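Enquirer: Using the numbering used here, the first residue of the sequence shown is number 418, and each one after it goes up by one.
Simulated from the structure, these hints should not be mistaken for lab results. Here the structure is a predicted model, which means the values were calculated and not measured. Glycine is no exception: its CB is placed at the ideal position from the N, C-alpha and C atoms. Don't take every hint at face value.
[Said to hold, decoys possible] In the SDA-like style, the derived pairs of lysine to any residue whose C-alpha atoms are separated by at most 25 Å in a straight line are:
1) K434 - I454
2) K434 - R449
3) K439 - D420
4) K434 - C423
5) K434 - L453
6) K434 - K455
7) K455 - R441
8) K455 - I445
9) K455 - I436
10) K439 - L453
11) K451 - R441
12) K455 - I444
13) K434 - L422
14) K439 - Y452
15) K434 - I448
16) K439 - K451
17) K451 - F438
18) K455 - E440
[What the hints assert, rightly or not] Simulated restraints on C-beta separations:
19) I444 - I424: 28 to 34 Å
20) Y428 - L453: 50 to 56 Å
21) L453 - A421: 46 to 52 Å
22) K451 - Y428: 34 to 40 Å
23) K455 - I425: 43 to 49 Å
24) L453 - I431: 29 to 35 Å
25) R427 - I454: 39 to 45 Å
26) T426 - K455: 29 to 35 Å
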Amino acid sequence: MMDALCIITRYIFIFFKLILFKERMLIISTIRNKYLIKI
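Turn these sequences into a full structure, and let the hints guide you.
Expert: Structure follows, in structure tokens:
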């Protein structure tokens, strides 16, 4: 039971990390586009 819980929590953690990374990349790309427009 504990092993399954550990695996589930690990997968959830990786999933959240991936989502945060994608969101961060989107924010960086939008900021970059704004700066490119300014320059």
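Enquirer: Run every hint past the structure and note whether it holds.
Expert: Here is what the structure says about each hint:
1. K434 - I454: Violated, at about 30 Å.
2. K434 - R449: holds (22 Å)
3. K439 - D420: Given that 25 Å is the threshold and the Cα spacing comes to 29 Å, the pair is violated.
4. K434 - C423: holds (16 Å)
5. K434 - L453: violated (28 Å)
6. K434 - K455: violated (31 Å)
7. K455 - R441: Within the cut-off at roughly 21 Å; holds.
8. K455 - I445: holds (15 Å)
9. K455 - I436: violated (29 Å)
10. K439 - L453: holds (21 Å)
11. K451 - R441: holds (15 Å)
12. K455 - I444: Between K455 and I444 the Cα gap is close to 17 Å, so the pair holds against 25 Å.
13. K434 - L422: holds (18 Å)
14. K439 - Y452: holds (20 Å)
15. K434 - I448: Holds, at about 21 Å.
16. K439 - K451: Cα-Cα ~19 Å, so holds.
17. K451 - F438: holds (20 Å)
18. K455 - E440: holds (23 Å)
19. I444 - I424: 28 to 34 Å: holds (31 Å)
20. Y428 - L453: 50 to 56 Å: Taking Cβ atoms as reference, Y428 and L453 lie about 37 Å apart, which means the hint is violated.
21. L453 - A421: 46 to 52 Å: The hinted range 46 to 52 Å holds for L453 and A421, with Cβ atoms some 48 Å apart.
22. K451 - Y428: 34 to 40 Å: holds (35 Å)
23. K455 - I425: 43 to 49 Å: holds (45 Å)
24. L453 - I431: 29 to 35 Å: holds (33 Å)
25. R427 - I454: 39 to 45 Å: holds (41 Å)
26. T426 - K455: 29 to 35 Å: Since the Cβ atoms of T426 and K455 sit about 43 Å apart, the hinted range of 29 to 35 Å is violated.
Hints 1, 3, 5, 6, 9, 20, 26 from the list above are not met by this structure, while the remaining hints are.
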